[in-house]
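Chemist: Line by line, the protein sequences are chains V and X. Those letters in the first sequence? Residues 2 to 369, by the working numbering. Those letters in the second sequence? Residues 4 to 442, by the working numbering.
Hint data in this document are derived by calculation from the structure and do not stem from the laboratory. All figures in this text were calculated on a predicted structure; none of them were measured in a lab. Treat each hint with caution, since some may be false.
Label pairs and their computed distance ranges (CB to CB) [unchecked claim]: (1) V/GLY33 - X/ILE42: 42 to 50 Å; (2) V/GLU188 - X/LEU354: 38 to 46 Å; (3) X/MET95 - V/GLU146: 34 to 42 Å.
If the Cβ cut is set under 7 Å, some of the chain V residues that face chain X in the computed set are [unchecked claim]: (4) ALA89; (5) GLY90; (6) GLY125; (7) THR126; (8) LEU194; (9) ILE350.
Covered stretches of chain X, as calculated for chain V (at least 3 residues, CB under 8 Å) [claimed, not checked]: (10) 126–133; (11) 196–208; (12) 326–333.
By construction, the Cβ of each residue, glycine as well, lies at the ideal position given by its N, Cα and C atoms.
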Amino acid sequence: MPDVTTEPLVVNFGPQHPSTHGVFRMRVTLDGERITDVDMVVGYLHRSMEKLAEERTYIQNIPFTDRMDYLSAMSNNLAYCLAVEKLAGIEVPERADYIRVIMAELQRIANHAMAIGAYTNDIGTYFTPLMYMFREREKVLDLFEMTCGARLTTNYIRIGGVAFDLPPEFLPALRRLLDEMPERIQEYSDLLLENEIILARSRGTGVLPADLAINASMSGPMLRASGVAWDLRKADPYCVYDRMQFDIPVGVNGDNYDRLVVRLEELKQSVRIIEQAVEQLPGGPVKVNVPLAMRPPAGEAYARIEAPKGELGFYLVSDGGPTPYRFKIRAPSLINLSVLKELLVGGTIADAIITLGNIDIVLGEVDR
Amino acid sequence: MPVLYQWYDIRDLSYAVEQLLEWIGDWGPHWLVYVVSAIIGGAAIFGLAAGTAIFNVWLERRAIGRIQARLGPNRLGPFGLIQPIADMLKLMLKEALFPRRWDKALFILAPIVVYIPAILVFAVFPVGRGMTFVDLNVGVLYMLAVSSITAIGVFMAGWSSNNKFSLISSMRVIAMLVSYEIPMVLTLLAVVLFAGTMSLNGIVEWQHDYRVPLIVLQPLALFVYLFSATAELNRTPTDIAEAESEIVAGYNIEYSGMRFGLFYAVELVNAVAISGIVATLFFGGWWLFGLDRWIPGWMIFLGKLYAFYMVLIWMRGTLPRLRIDQLLGFAWKIMLPLALANVFLVAVEVLVWEEYELSAAVVLPVFAVANVALSGALVVAWTKLMSFHFDELPKAAVLVPDSGLVFAQHAPPVPAARRSWAPAPAPAVEEVAGGSGSG
């Protein structure tokens, strides 16, 4: 080896970059195309939600959670409302619980459609799978719009139930969506999972071993793709998930391909859950009345759900006043992002981009 | 059908030009003929290149829109046909920014160096019978030489922008060009061996005389050429040079306004050029089994060109991008040996043909069948030999059933073979910097 030293090339990916999925920034040290070091910089979208929440009443805080993971607002609402209900000891009507499950699973479909589409886009297809995925996402968002008037920041799930009952046209529209979903998912599986280029790019890149995944407190599809069957809907059921029949998909290798596979399979399982929920959907009220300025007794509560991106938890401390004393969010995106360096070092730039895309982060949630 | 050979015979527009030049030669100074013919020819090839490029902006956006289950541009003009004009106006009116600490000369020169060769390739195209601007007897060589100048311009652009993304992009371009130029030249060599001439007109005439498009005799060459050519087009699956999701836009990241517009145009012009080359070399150019007697040859040529261009659009709309090591590995491990084998095969066939003075009617069908069969066998055998095996790992998620284990590690023990897919561990930074491992 000749005695030549070359300077490593430090490249700044982000915060303005087409593939950082928001304002995430990576300082990447390169040796040719190979990555030798990664430095993560977060905080460009920090909105100080946790502090703001301490100045607002429990009900005023619900819209903040919409804006956290803006691709799955329903799940965020649900997790927060569960925490408040736990803190204040509120019982939710059964119909509301079923509606919550339906909405959370629809949200999972919308979120995974976005995640898979963005992933294939990172791999380099010219927007085609993304557009196809948007078809399904669009229908889910139409359902949301039908129910609560909003498509992204829904603010639908409220403390003590949900804001409105389902409109009469909701169930037929949902039925149509559910009927076409299995065919669509099969189409996507055929198109994406058998593609030699996707296989070549995804297999063996961004490998996350199961032990590292557990140690890093990963959750959601990231963890399950590594082969750990951990799903809060089974492990710590909330709402009415304990009455639903569904399987947990897990991967084998923990590479990008397995994450893709797990997400596609979760779409199927979500459809299955929604079908059961619609079947069992009882009548009755959808909301119990809670005072606008509710004052939960002093104490603390932690509620967690299996959000599309992983375990989303809200930790609330009350001092008996109208506002939370402490409001802490366990955001799956941030924690899933923490292993990024282990996944990227040793790979190439191209691998880094697809691995980052496949973690499925939303910067609103990472920075809060 | 009487052959007209008049200026109004639209089957060959060169008659009209000839009449005009003769008329000028009768009364004008003798040098005027050369000037006028150069202007007409230049305008014609520039019109062909630029006109198709502008039309293709629309075509490509509409076609990809259809592929993606949406409409594509449809607001400006009927079917959105004015859209490319609007795009062009926007690019022209935009301010041309430049980066700080740029390499001024190279930066300004780069779009020009890229654009001109792209147009120059069109000079040797036999658009119709006799409709060639310059009928070079080394047409194929000229075409290869001119089209590879583009890479220099791209490298100039990447270097002079003083941007790390564009630098990475330029390195990728050079690596890719070096790898793919070789199989590309070899496949064209095979075509030239069969036709016995390097003139593009001659190759078309050969296909016309023997009434066989070279695709039948050279399926493998088309396959290799197709992939090598797309590698230079910056289209998926080989658009690593301007991989938008990775290195933003690659070499043209710092360009704006019409300077960027030239780069954008070059891609379209190059795509047309590649389609034209394929149409000429493999599908018989203006010739189509005698149909060229009734339909103008240039229409047939354009039809073939667009048929192939649609394939390029289809590829762009469907395929993801390869990684650079996979792309270069494909060039050296698969393309190059296949191209070499193809040249060998063709050389043997041509030798047999010439040596025994066989009649073409007997020998060409035999060659066609033999080449199609051998090409298929060669591809299969070679990929087997390179131990390219299809992924045997499951392509579906493992389902943990309802009643079963939750919160348990479900992964079966990892097979040893899997480890080889994982990227090699990078050398520690200290070693690289300190040179301690050099002993």
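Chemist: For each hint, tell me whether it holds in the structure or not.
Modeler: Here's how the hints hold up against the structure:
For the pair V/GLY33 and X/ILE42, the supplied restraint of 42 to 50 Å holds, since their beta-carbon distance comes to about 48 Å. Taking 38 to 46 Å as the suggested C-beta distance range, the pair V/GLU188 and X/LEU354 does not conform, at roughly 51 Å. Between X/MET95 and V/GLU146 the CB atoms are about 41 Å apart, so this pair conforms to the stated range of 34 to 42 Å. Annotation: interface hint on V/ALA89 violated; nearest CB of chain X at approximately 29 Å, more than 7 Å.
For V/GLY90, the shortest C-beta to C-beta distance to chain X is roughly 28 Å, which exceeds 7 Å, and the interface hint is violated. At a threshold of 7 Å, the smallest CB-CB gap from V/GLY125 to chain X is about 3 Å, leaving the interface hint in force. Taken as an interface hint, V/THR126 checks out: its beta carbon lies about 5 Å from the nearest beta carbon of chain X, inside 7 Å. Nearest Cβ of chain X to the Cβ of V/LEU194: about 5 Å, under the 7 Å cut. The hint holds.
For V/ILE350, the shortest C-beta to C-beta distance to chain X is roughly 5 Å, which falls under 7 Å, so the interface hint holds. Under the rule that three or more residues need a Cβ within less than 8 Å of chain V, the assignment of the stretch 126–133 of chain X is violated, with 0 such residues. Requiring three or more residues with a Cβ within less than 8 Å of a Cβ of chain V, the coverage given for the stretch 196–208 of chain X is violated, as only 0 such residues are present. Chain V is given as covering the stretch 326–333 of chain X, and this holds because 4 residues of the stretch bring a CB closer than 8 Å to a CB of that chain, at least three being needed.
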